[in-house]
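Novice: Residue numbers (the working numbering), protein chains in the order written: chain Z, 1 to 88; chain L, 1 to 222.
The hints are simulated quantities; they were obtained by calculation from the structure and are not laboratory data.
Keep in mind that this is a model prediction, so the values were computed, not measured.
By construction, the Cβ of each residue, glycine as well, lies at the ideal position given by its N, Cα and C atoms.
Be aware that a few hints might be false.
[What the hints assert, rightly or not] Pairwise CB distance ranges (calculated):
(1) A44/Z with V136/L: 19 to 27 Å
(2) E67/L with A80/Z: 26 to 34 Å
(3) S18/Z with V136/L: 33 to 41 Å
(4) A44/Z with S178/L: 46 to 54 Å
(5) N73/Z with F137/L: 15 to 23 Å
(6) N40/Z with A156/L: 48 to 56 Å
One-letter residues, chain by chain:
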Amino acid sequence: MENKNALALRMQFEEIYSDYVHKIYNYVYLRTLQRESAENLTSAIFIEVLQNLHSYDSKKATVGKWISTIARNAVNDYVAKKLFSTKI
Amino acid sequence: MKDEISEPYEKLYKILIKLADDERDFLELRYSLELKNQEIADILGMNVESVDNRYLQLLEKCRNIVEGNVKKISVEREQIILNRNAESFKNYLADKKIEVFEIEELEDEQKTTIFRSQIIVAGQQLPTLVILDKSVFALIRVQIASQVLSDENRFALLDFINEENFNYKPFKFYFNQSGTLFLDLCMPVEGNVSGDMIYLMFNVIINYLEGGYKKIMKKIWQ
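Using the sequences and the hints given, assemble the complete structure.
Specialist: Right, dumping it as structure tokens:
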């Protein structure tokens, strides 16, 4: 049975997911300009959100700023890997 | 798989594909993620005024793309890129009221800007440069000792420098053609140079030289 904290985190995640999934997808897609990559990255971003939600501190940043930072880092990593894997 | 683009997004796609990744990043933080200017400034390590200015520059660029004014765009892009790293560090120095650098802007292809100063180690003033250009790297260069490599000490010094390079990963030593010993620290910069990061790297260099400088000079004069 889920304890109170786990339940609260799950509900918080569902709320964040519902509020941000389209925004995050659009952000990722319009940076990568590739649909498949955008879908994969969006999934990875929300997995990271879920894994780090317990450490999110609303006094330090809004949810929007927090999740944007996660998304931005994920896309930057993807772009960097793509750049270094491109044969010159 | 070829990406399919729905009709309303086709025009947007045609604009965005002509922007650099960091430019798309900036616009999408605002439009897709609906962040406020202060939040964008925090994430990108800029001040709000710079965010406003960059936003206006990018809107103008998008307008030019729509109008097909490609030449103007490339000039504008060149100006944005060339100014960003150096301008960012200049702003940092101004904000912190740091006045120890002489600034020289070169007219080369990379639009290099050199910030000249010196660090003092063991009572010696070592000429120090911060070199910023259009590339994604910032370079800190310290002149350790001038024209010290000779036929007599060449083998011993190169061996010693190779060992130092092996032991200290953040920076590298080398001799130029006239036998002057330099220390170079190269760091990637993402979009805008972080002045704090450059100063942190200065501390790394100074901490090393506090102990290492005498060791190097001893080896040179042996």
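Novice: Against this structure, judge whether each hint is valid.
Specialist: Here is how each hint holds up against the structure:
| no. | hint | in the structure |
| --- | --- | --- |
| 1 | A44/Z with V136/L: 19 to 27 Å | 24 Å, holds |
| 2 | E67/L with A80/Z: 26 to 34 Å | 33 Å, holds |
| 3 | S18/Z with V136/L: 33 to 41 Å | 37 Å, holds |
| 4 | A44/Z with S178/L: 46 to 54 Å | 51 Å, holds |
| 5 | N73/Z with F137/L: 15 to 23 Å | 20 Å, holds |
| 6 | N40/Z with A156/L: 48 to 56 Å | 54 Å, holds |
Of the numbered hints listed earlier, not one is contradicted by the structure.
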